[in-house]
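2 protein chains.
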Amino acid sequence: MPSTALLTDLYELTMAQAYLEAGKRGRAVFSLFVRKLPETRNFLVSCGLEPLLEHLQSFRFTKEDLKYLKSLNLFKGWFLDYLEAYEFRADLYAIGEGRIVFHNEPLVQVEGPLPEVQLLETLVINLMHYNTLLASKSARCYIASRGRTLVDFGLRRAHGFDAGLYGARASYITGFAGTSNLLAGKRYSLPVFGTMAHSFVMVFEEEKEAFRSFARSFPDKTVLLIDTYDTLQGAKRALELLKEGVRVVGVRIDSGDVERLSREVRALFDREGFRDVKIVVSGGLEERDIDLWLSTGAPIDIFGVGTKLLTSADAPYLDIAYKLVEYEGKPKFKLSPGKETFPYKRQVIRHYEGGFMSFDLVVPYKEGGLVELLCKEGKLLRPLPSLKEIREVFMEELSKLPPELKSLEKVAEYKVILSENV
Amino acid sequence: MPSTALLTDLYELTMAQAYLEAGKRGRAVFSLFVRKLPETRNFLVSCGLEPLLEHLQSFRFTKEDLKYLKSLNLFKGWFLDYLEAYEFRADLYAIGEGRIVFHNEPLVQVEGPLPEVQLLETLVINLMHYNTLLASKSARCYIASRGRTLVDFGLRRAHGFDAGLYGARASYITGFAGTSNLLAGKRYSLPVFGTMAHSFVMVFEEEKEAFRSFARSFPDKTVLLIDTYDTLQGAKRALELLKEGVRVVGVRIDSGDVERLSREVRALFDREGFRDVKIVVSGGLEERDIDLWLSTGAPIDIFGVGTKLLTSADAPYLDIAYKLVEYEGKPKFKLSPGKETFPYKRQVIRHYEGGFMSFDLVVPYKEGGLVELLCKEGKLLRPLPSLKEIREVFMEELSKLPPELKSLEKVAEYKVILSENV
Numbered sequence: 001m002p003s004t005a006l007l008t009d010l011y012e013l014t015m016a017q018a019y020l021e022a023g024k025r026g027r028a029v030f031s032l033f034v035r036k037l038p039e040t041r042n043f044l045v046s047c048g049l050e051p052l053l054e055h056l057q058s059f060r061f062t063k064e065d066l067k068y069l070k071s072l073n074l075f076k077g078w079f080l081d082y083l084e085a086y087e088f089r090a091d092l093y094a095i096g097e098g099r100i101v102f103h104n105e106p107l108v109q110v111e112g113p114l115p116e117v118q119l120l121e122t123l124v125i126n127l128m129h130y131n132t133l134l135a136s137k138s139a140r141c142y143i144a145s146r147g148r149t150l151v152d153f154g155l156r157r158a159h160g161f162d163a164g165l166y167g168a169r170a171s172y173i174t175g176f177a178g179t180s181n182l183l184a185g186k187r188y189s190l191p192v193f194g195t196m197a198h199s200f201v202m203v204f205e206e207e208k209e210a211f212r213s214f215a216r217s218f219p220d221k222t223v224l225l226i227d228t229y230d231t232l233q234g235a236k237r238a239l240e241l242l243k244e245g246v247r248v249v250g251v252r253i254d255s256g257d258v259e260r261l262s263r264e265v266r267a268l269f270d271r272e273g274f275r276d277v278k279i280v281v282s283g284g285l286e287e288r289d290i291d292l293w294l295s296t297g298a299p300i301d302i303f304g305v306g307t308k309l310l311t312s313a314d315a316p317y318l319d320i321a322y323k324l325v326e327y328e329g330k331p332k333f334k335l336s337p338g339k340e341t342f343p344y345k346r347q348v349i350r351h352y353e354g355g356f357m358s359f360d361l362v363v364p365y366k367e368g369g370l371v372e373l374l375c376k377e378g379k380l381l382r383p384l385p386s387l388k389e390i391r392e393v394f395m396e397e398l399s400k401l402p403p404e405l406k407s408l409e410k411v412a413e414y415k416v417i418l419s420e421n422v
Numbered sequence: 001m002p003s004t005a006l007l008t009d010l011y012e013l014t015m016a017q018a019y020l021e022a023g024k025r026g027r028a029v030f031s032l033f034v035r036k037l038p039e040t041r042n043f044l045v046s047c048g049l050e051p052l053l054e055h056l057q058s059f060r061f062t063k064e065d066l067k068y069l070k071s072l073n074l075f076k077g078w079f080l081d082y083l084e085a086y087e088f089r090a091d092l093y094a095i096g097e098g099r100i101v102f103h104n105e106p107l108v109q110v111e112g113p114l115p116e117v118q119l120l121e122t123l124v125i126n127l128m129h130y131n132t133l134l135a136s137k138s139a140r141c142y143i144a145s146r147g148r149t150l151v152d153f154g155l156r157r158a159h160g161f162d163a164g165l166y167g168a169r170a171s172y173i174t175g176f177a178g179t180s181n182l183l184a185g186k187r188y189s190l191p192v193f194g195t196m197a198h199s200f201v202m203v204f205e206e207e208k209e210a211f212r213s214f215a216r217s218f219p220d221k222t223v224l225l226i227d228t229y230d231t232l233q234g235a236k237r238a239l240e241l242l243k244e245g246v247r248v249v250g251v252r253i254d255s256g257d258v259e260r261l262s263r264e265v266r267a268l269f270d271r272e273g274f275r276d277v278k279i280v281v282s283g284g285l286e287e288r289d290i291d292l293w294l295s296t297g298a299p300i301d302i303f304g305v306g307t308k309l310l311t312s313a314d315a316p317y318l319d320i321a322y323k324l325v326e327y328e329g330k331p332k333f334k335l336s337p338g339k340e341t342f343p344y345k346r347q348v349i350r351h352y353e354g355g356f357m358s359f360d361l362v363v364p365y366k367e368g369g370l371v372e373l374l375c376k377e378g379k380l381l382r383p384l385p386s387l388k389e390i391r392e393v394f395m396e397e398l399s400k401l402p403p404e405l406k407s408l409e410k411v412a413e414y415k416v417i418l419s420e421n422v
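Line by line, the protein sequences give chains A and B. Each step along the first sequence adds one to the number in my numbering, with nothing skipped, and position 76 is 76. Each step along the second sequence adds one to the number in my numbering, with nothing skipped, and position 368 is 368.
Isolated chain A, as found in the complex:
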């Protein structure tokens, strides 16, 4: 992994130098939390720790980085030496990936010498923000899907390549079957899926010839895209192939009145006994479409969810912050209107009623709660869970989420009580 130490805001470094000059090297705690959930979210899913730790552990200023910083004529020689020696040696407390979380809950808390932990602000926010944003969005798709198969198709319109990678990972954690993104498949051992594009159909003189060619190349994996010219005609051509004995796993509909078309195509195949041909749907859809279609019984088996998933289109950011909460054991907080913060390193104690989450107490830190000490002086205390294990955590969490909070509409806010009592 290339150096990511410069993937930060200038002020992290100017502050670090000024802290050191003022003798402010005491022990500080910074807390990453979401102030307020987006309008359309009833819960969030914590995600991003593995990418974060990967970056923290390789966080170094290279010679080239230092040369650049020197060229800015802002920093003193001794400070550049300090940066050269910098490595992540702080304590890190976190709520595990896949856990359901709410406003004011500390997803990550970093404790160490003030300049060292200040420096990490931009990195911690960037990685935890997008991953948590995405897992929270994909979890909604999973809820809407009622057990149908979901596949991430979003790489092309994700905001850059790392968003594509993290999006594939986050959606897998929350119940997606896999992704179309090959690098994500390779890096995270995720199942990969793919069908064909309209261009494939258009290159051949006849749609049926295109279908036949593809089926010849991938005899056990053929999903035919049937909406290039006319969806029902496309379905009929797929049916002709089926009758000739060609194996077709499914057909994909990417445009038009998906609900009606899925019924008509299903009926067409069923009439001829091809009940196991799957119907795949894609094309700018998200959880509300999935919910609407399935609520009326549309016979859709697989959803390819892309653009609106990986951009979290209805809520493209979280009001997330990384704030100083303790310095040398003293509470720290700010009073900026609408952006007040709460002091102390914190623990989250979750209370249940009838098997469901009932309310959370956010109290000064003690052991035993959602927050765990993950790194001591920069060293990971135990291996991180696998993606499959994180996915199980999420499924377990989801089973305890109060049913009303599973609504795609905003309902009453989950109760999070900030308390000074341990």
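Simulated from the structure, these hints should not be mistaken for laboratory data. Don't take every hint at face value.
If chains are identical, the list can't say which one is meant, so a pair holds when it fits in one copy or spans any two.
What the hints assert, rightly or not - DSS-like, lysine-lysine: derived pairs with alpha carbons at most 30 angstroms apart: (1) Lys388 x Lys70; (2) Lys67 x Lys221; (3) Lys208 x Lys278; (4) Lys366 x Lys330; (5) Lys76 x Lys221; (6) Lys376 x Lys345; (7) Lys70 x Lys186; (8) Lys221 x Lys406; (9) Lys330 x Lys376; (10) Lys186 x Lys67; (11) Lys345 x Lys379.
Use these hints to put chain B onto chain A, whose structure you have.
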């Protein structure tokens, strides 16, 4: 740069293998265009060619990539050999970065053997989509700013690090003064800016002590964050330092009623003769806030624009596609409802009236128009313009944009005429 060949959708590779098996290696043209502008956009700014070319020229399947692909049990040995030998050798036609563009205009057109140019779909869309999305958003901020200074503060809530880098670059092209993102500063030689965070103020017992410490470390660069506890109190403390002879370049307000506070703080400084202390504003703002505040004469000098810029929050994606338009010289198009495409490699001929853009003709390709041949058989025909040059292109373009299209509200659609006549 690490290999990005796997940053693609599985179906690009399955299609490529099926094309080759079917003998479909003829010359194809794919066109990247935006079907329809987002609700809140009157124009787009083409952006992303330099990142795209960087990736195209390093596009290779590594041994490790091929090993992974083999493990999928989907691809034939001869096809993996084909991928191993793959390098970008196509022709690339493009509209230069910084140009103002509209719906149905081919930002990028790639021409070459069908399997070779199909393969690039995901890469081309991903890079051109985010960069164009961002330049189009930042251009709106520039218009709203009426010549004030704009700085990108968005890295922390961008969707990953790529988005942070590209966002800094795109916003610079459209008139931003610089960015807080150090890696973007280094990589693209952009001016970097920074102030201080609330944590800096909170660590000191007294706000004034924090201010003094920072000013001591950065005597010529001090911008004080004054809203940690009470903005007017903070301003008064900054004023005390000024009176003591401490140099303060500016003060930053990050919360509260920015319009009122900026006036009160300005009056406070002006009364004492500190007319050159700049007022910096930040905190979840975007072009509509900038426009509203400046339209009432709020005395703000510098805007730090972050989250809503780098996520393009009001329009987080474009309806952009990379579609086959020609194969072996024949026109190709699809009829999918709402997603029709138009055949042929294209040129855009822009017509002007009274110095302003009047309408665009999108005609079958010929020389002389917005679209230029940039790469021939994979080789760049001339050096790419510098960012400063692209910025000048954008400024020139903006001066020709019809004034009504500079509105932040959606106005009538610019006329783009698709024609079959050369």
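Requested in this report: Output the numbers, in ascending order, of every earlier hint that fails for this structure.
Outcome: Number 8 - this is the single hint that the structure violates.
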